[in-house]
Structures are given as C-alpha cells and as structure tokens.
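Number of protein chains: 2
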Amino acid sequence: MTELDLPDTTSELDEDDRLKPEFVRAVCEAVDRGDDEAARELVEPLHPADLADLFELVPGEQRAALAAAIAERLNGDVLAEMNDWVRDAVIEALTATQVADLAAQLDTDDAVAIIEDLDDAEQRAVLRALDPDDRAAIEEALSYPEESAGRLMQRELVAVPEHWTVGDALDYLRADDVLTTDFWEIFVVDPAHKPVGTCQLSWILRTPRSVAIGDVMAREQTLIPVDMDQEEVALRFQKYALISAAVVDGGGRLVGMITVDDVVHIIQAEAGEDALLLSGAGEGDINEPIRDSYKARVRWLITNLITALLPATIIGAFGATIDKMVTLAALMPIVAGLGGNAGTQTMAVTVRALATNQLTQSNTVRAIRREMIIALMNGATVAALIGTGVTLWFGNPQLGAVIGSAMLLNVVIAGFAGVFVPLTLDRFNADPAVASSIFVTMTTDSMGFLVFLGLATVSGLTG
Amino acid sequence: MTELDLPDTTSELDEDDRLKPEFVRAVCEAVDRGDDEAARELVEPLHPADLADLFELVPGEQRAALAAAIAERLNGDVLAEMNDWVRDAVIEALTATQVADLAAQLDTDDAVAIIEDLDDAEQRAVLRALDPDDRAAIEEALSYPEESAGRLMQRELVAVPEHWTVGDALDYLRADDVLTTDFWEIFVVDPAHKPVGTCQLSWILRTPRSVAIGDVMAREQTLIPVDMDQEEVALRFQKYALISAAVVDGGGRLVGMITVDDVVHIIQAEAGEDALLLSGAGEGDINEPIRDSYKARVRWLITNLITALLPATIIGAFGATIDKMVTLAALMPIVAGLGGNAGTQTMAVTVRALATNQLTQSNTVRAIRREMIIALMNGATVAALIGTGVTLWFGNPQLGAVIGSAMLLNVVIAGFAGVFVPLTLDRFNADPAVASSIFVTMTTDSMGFLVFLGLATVSGLTG
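Protein chains in written order, with the UniProt record's numbering: chain R, 1 to 463; chain V, 1 to 463.
By construction, these hints were calculated from the structure, which means they are not laboratory data. Note that the structure is a prediction, hence the values are computed from the model and not measured. Worth double-checking, as some hints may not be accurate.
[What the hints assert, rightly or not] Cut-off 20 Å, straight-line C-alpha distance, at most; resulting in silico cross-link-like pairs (EDC-like, lysine to aspartate or glutamate):
#: 1; chain 1: V; residue 1: Lys239; chain 2: R; residue 2: Asp77
#: 2; chain 1: V; residue 1: Lys20; chain 2: R; residue 2: Asp426
#: 3; chain 1: V; residue 1: Lys239; chain 2: R; residue 2: Asp14
#: 4; chain 1: V; residue 1: Lys239; chain 2: R; residue 2: Asp84
#: 5; chain 1: R; residue 1: Lys194; chain 2: R; residue 2: Glu162
#: 6; chain 1: R; residue 1: Lys324; chain 2: V; residue 2: Asp17
#: 7; chain 1: V; residue 1: Lys239; chain 2: R; residue 2: Glu270
#: 8; chain 1: R; residue 1: Lys20; chain 2: R; residue 2: Glu44
[Claimed, not checked] Output of the computed footprint for chain R on chain V, the stretches with three or more beta carbons under 8 Å from beta carbons of chain R:
#: 9; stretch: 13-19
#: 10; stretch: 84-93
#: 11; stretch: 199-210
#: 12; stretch: 287-294
#: 13; stretch: 367-381
Glycine is no exception: its CB is placed at the ideal position from the N, C-alpha and C atoms.
One chain only, chain R, in its complex shape:
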C-alpha cells in the first residue's frame, strides 16, 4: 500500500504520521552546530502541523534556537497547530512585532488563540503592533469570555442577501478579493444582518445562475450564540454533523463563523479529558510546566489523604478484632479494592454517558436500575470466587462466608455510588469527572472495611 502524499515525507514520518526520532535528532544536531541552512533544508517538506510537532519534540531549551534557525517557516499556521505550552515558550522568544506579524496572517480565531495566552503587557504590545482593523477584530474577540464561541469564531465569512440569484453570488465571489478563501458554506442574511439560511457551496455550484439564493439555501440552520461555551459548540457540531455554523450576537445578528476544523480539537480534548480529570491529573499535558503539574496533582493527593482517614479510622475501631485474627488484615484490602474497581467501572460509564448527553433525566431511573443489576451479577460472581477460595485456603468456611458476603455487599454499594455520585454532581451543575472518584473511592474503601470487619465481629468469627 503506497501513499501518495506530495511532497514525499516518508523519510520524516513513520507509518503513524509521527516524526521519526532520527529526523528529530538530525534537526537538533543541525541547530546545535549552528547550521541553519541544513535545518531549513530538513524541515522544508514538512506540513505546518508536523513543524508544530517538531517544536514539541525537541527539548525545551532548544526551541528558541530552532525558532531562530527556521524563522521563515515559523508562520501563523505553525503556531496555530502548536501545543499551548510550547507555543507560549516559542512566542516568548519573539518580539511583539514578530508576534503581531504572525497574528496578522491568520483568521481571527487562530490569531486570538495565539494572543489570548500572553500576559497583559505582552498582549498590549502585540495589539499595538497590529494594524487598526486587525486590532479591532482581535480586541472584540478577546472581549468574549474564554472558551466561548466568540473566541472560537472567525469574522472572515461570506454573507449574501436573500434576494440575490446564484449568478449574483458567483459574480460577487469572483470579484471581491478581501474575503477569506477557505469557506464551505455561505450565509444568507436579511437587511438587519440576521441569518435566514445557509447554502453549501456544492448547492450553488450545481444550480443554474438564474435561481434565487433563497430557493437554494436551507432555512433550517443551527445558530451558535456568541457566548456559548465551546464544549456545547463542539457537542452541537457533532450532533448535527456541521461543517460550519453562523455565530449570532444577543440581537440575533451574524457576527462570525465557526468551522469544523477548529472544533475537532475541542471535541478531542473534551472527550479525552475525562480520563485525566477522573485521575486528578488536571490538564495532564506532557508539555505543561512541572510546577503546574505538581500543583494540580498534589492538591488531589492531599484531598485523597484526608479522605483516607475515614477508612483508616474504621479499621482502627476494629483493632481488637484484627488483634484476634490477623488474617483479616491481609484480606480486608481485597474487599475494599474490588469495590473500588467495580465503582470505578460504573463511574466511568456514567461520566461518559453524561458528557455525551446520552444520559438525561428521561433515562436516569433506567440507568440506575441497569447498573444495580450489573453490580448484583458482578458482586455475586466475585463473592462466590473469593468465598470459595478463602474457605479452601484457610479451611475456614465461616471466614469464607464472611468475606463472600462482604464482597457482594461492597460491590453493590460500589455500583450504587458509581452511578449516584456523578449523577448528583451533574444535577448540581458540577463536572462529574472532576470530583466523582474521590467520593466513590472513599465510599468503597470505608464500606469495604466496615462491612468485612463488622461482619467478622458480629458473626462471632473471632470470638
């Protein structure tokens, strides 16, 4: 199976489109020995997205030198594709005028992405270096909340009045040269600049010149309010399979356009962050400065340390029981641990279903019932296994019965916590991915120890 990418990049990329380590090393060596010419030659065939990857893959201390060596290739497209943390580092090595030149090449959304992370002084310097039109557009975008549609949209779009014909639109598109060249749909607006319809370019291409735009366009269109959160924007693009969408202000007027290529990153990031949030790793980006990673993670660990006091206290209360039968100390983490695993499974499923809008008020009761049935089945299976195993191993059927019963109970409790905790957090408008696992683990640990040691005590096992 040959691949016909032009130019041929088989010497730079592996079969998964990742830059080869040999290639990255060769570029690093060229930059190290000051051979900028060789570095430029090496990166020549790279796509902007691959160039951005290159900056991520070279060691942090070499990024500024690389940027200087291949300055002519370091355009706005490369910066727009770069990981946020790496971009910040590269931009810090540039002057405000250089950053402004780069930003000026971009559509508003990409320019904003570059400028919004700068600190205030740098931001002002870059804005001053921009020409007045670009500056006004970017300042307006920055006036919208972070992670809102207003930051994500580009102001470069094509809007035409409804009374035009297809021919009028074609002539307009051929004549006007200040428009953006990359667009997939045109928007049809009324005299107040409110969108009344959307027209795919393919429809225009397939329609005779004399037909009115109003007869070609789709009137059913999905409009994005300018202050909508980007996660909602991403869900809406995905749900309705949108390629681009009109952004409207509070008065319903067309102020911008969001295209799917800008949303794909968000869909990917939002879907992927669940695993990171559930683990308490914060943004969890490998390019994040160590100090920030430390802060995010240690906060989580300290919270877990505090919640771990509850199960420890429960064990402490059963000191006399353990003292009589130290085997209990060896077996109790199994009950707590399996409960933790079962709870995490249910929690992951629930968090995912909530994030994708699959789980709503309409099917909450059904979802809880479903999880409880699975928990009962899982609990019964694992309880039978551990109960039988412990009975045979220790030759103690009573101990087997105690651990089996404790296991069944704890897995069922875990299933309930795993679906109840995220649902409750969601009901109170908290992100269920952020805090669920703290509560679920605390529950499964505490109940695991309590049920197992409690049953051992009341059943007279150690008696």
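Assemble the complex: chain R is given as a structure, and chain V must be docked to it using the hints.
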C-alpha cells in the same frame, strides 16, 4: 440571547440540546395509547439526530412501537445517527425490505454502518433486497476490514481530469445529476484515476472559468489508504485539519472519499474510550445489553481479584509485625491508596499523550524524567504531611518517620510504574489504556504494603 433555529424546537429541547423529559414522556404516552397521529405531530419538528436520541431515551420495550408509529420519519439519516445498540434493536423490528429501502437512501458509508452489524442471514436478506448497483457498492465496502477506511468512505464523490478548466468543471457539476449533492472538495485525477490534487469548492467559485483546474488545485494532499484503521484516519483528519480526503486502493487509484462529519464521531469515541478502558468497563455504553456489560466488567474484576492476592500475601507475611502493633493495619491502606492515586495520575497523562501521538520515541526519556521529578515533589509533600500527622496523633515520631518514608518511596515507585507500564505496553503494540491500570495498581498496592510493613519491621518500631 435568543436562538434562531428554524423550526423552533424550544418546547422539545433544553438549553443543552437534549430532549426534555416532558417531551419524551408525551411521545411515550401517545405511542402507549395507540395515538400514532399525536406521536407523529410531536416529533414533526425534530432533526434526524434528535429523533435518533428519542429512540435512545424511550424504554427498550417501547422502541418497536415508536418505530411503527412514526415509520414515515424513520429514514436512513435517523438510523445513521442512532447508537449502535439501539439501532440493532430498531432494525430487528423491521423487515429486510424495509431495511434495504432505508439503506438505499444513504451514502455508502452510512448504509454500511447500518448493515455491518446485522447477523449473516439478515445481512444477506437485506443485500438481496437492494438494487444491483447499491448491492455491489455495499458488498465491496463490507469486503474491507471492520473499522477500516474502506468501511468509512463513501463512493459518491466528484473527480475531474487535470486538463479541464474551471468552466468545464462548473458545467459538469451543473449538468450531471447522479452525483452526490453534499461535497466540499473535488478531486483531480490522472488518466489512471490516481489523485493528483484536491480543489476546495471555494477556490473554484473564486476563479475565472478559463483557468485550468491544475492551476487552482493543491498538489499537496493527504491520501488515505483504503485499509487504514479508522483511529489513524481520525488522527490524520485532526492533525491536518481536513474537511474531506481521498481514499486510494493498493494501486493508488481513487476509490472513495471520507468527510469530516463521519470522522468526528470516531475522534470523539476514540478520545473518550480511554477513561472507560482504564476503568475496565469495556465499551461502556449505557445502551449495551446487560449481559455484554457484565461479561466485560466481571472479567476485569476477576483479573483484579487474582492480582489482589499478591498484596494480600505480602500483608500475610507481616502477620507477626501487625500482631505486635495493630495500628499498622489501620495505616497501611493509606500508603497503598495514595500510591495508587499518584500512579493513576501519571498513567492517565501517559496514556493520553500516547493516544494523541504527543509522546514518541523522541521525547520518551524526557517524559520519564519529568514524571519522576513530579513524583518526587508529590511524594515529599504527602510524606511530610502524613509523617507529621502520625507523629502528632500517635505521639510516636518513629511511626511518623516510617510512614513518611514509606509514602515517599511508594509515590516515587507509583510515578515510575505510571509512565513505564503504558510505555512498555505501547512498545509491544498493546493498547496502553486496556491493561495499564491492572499492573499499576498491583505495583502500588504491593509496594505500599511491602515498604511500609517492611520498614516498620526492620526499623525495630514494633520492638
């Protein structure tokens, strides 16, 4: 902030684009009392994607009745948007001819998505009911491996020869009425039908008729081999911000087109599955039959049960130590648990970085060093807290020193396991999200107990 979606769906959808529970209930009630007319009226304003959601939200036993009631709205678009499990249930209620009629309305990729999950007998029945052209196209698509580009692509596309002018292309597009109407780019092919370039529709619209297509198209294009895995396809669309891409066969000939709207679902699903895989919840879909969920999850729990024997054995070996100081039994889960949390954080970050191609051979060493530094910082912080706390609480500085040292060691071990395990699995071409957490948890549990109880024993803490 008003939204101008037409038709107005504010009585059906909440502010997050989810169907309102009142609305779902109203439809269910109409179907229940056999008032199909009322049900049809209720669903009339719904977008196909919302209709698909409706099927997911009504109880399983009502889906067939709903399908019968609103049969005229149950078209291919609705089925294409439906969750796999729900679609299977709805399709089972239809005849082969009905399914074939629905499939015939769709582009190949969507038709294949509906047909590929049927069992062999049903599949043959549906294929027989299709007209020969559609059948041939779908049979060829089914001949490609599951989850490959060949299944994902549509065969409906626009390809033109390089020597044509823009005017030729425009005339062709206007004249030919068997073409698909939804496309965003046209492909330029040589006489052997190999792609030589891609042309955005906006470029054609903005270029005079007399210019040759060869002068407008981009020669640098991303081609997708027909047997490429859909996850790779998704990463490539994302990396290069593609709207559509040409699919080529082994001989480099153009055989299909993949558009971004078909890839968005995959990007979302692949990114979101990490959290589910890490938790051992399998596909983790709330619409999955309970039997399948049970099988996937209980396998994981049994594996965890087996690995839990190692830490239990370690505790058992320290029976004499615990017997002398039962407080150790209460404190030991804290050391193991915090290690588990720290390991999970590192693991989640590593798995994510691997999945997004951010972590490659070029920066592996750097990533490990980074995680070890963070682990040391986290370990030192948590160790200081627990060491001080235990010293004060139990008035026993030696116990404080033992638990502090054990905590530091275990968090560092956890950090190492969290980055080493997924990297190793990835190196051996295993999915790091699937098995990492089993190994990491086993390590942090075992080492937590071993280090804590071991230090307590050798330090002479228990006399």
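- Query: Hint numbers the structure violates, sorted upward?
  - Reply: When the structure is compared with the hints, numbers 6 and 10 turn out to be violated.
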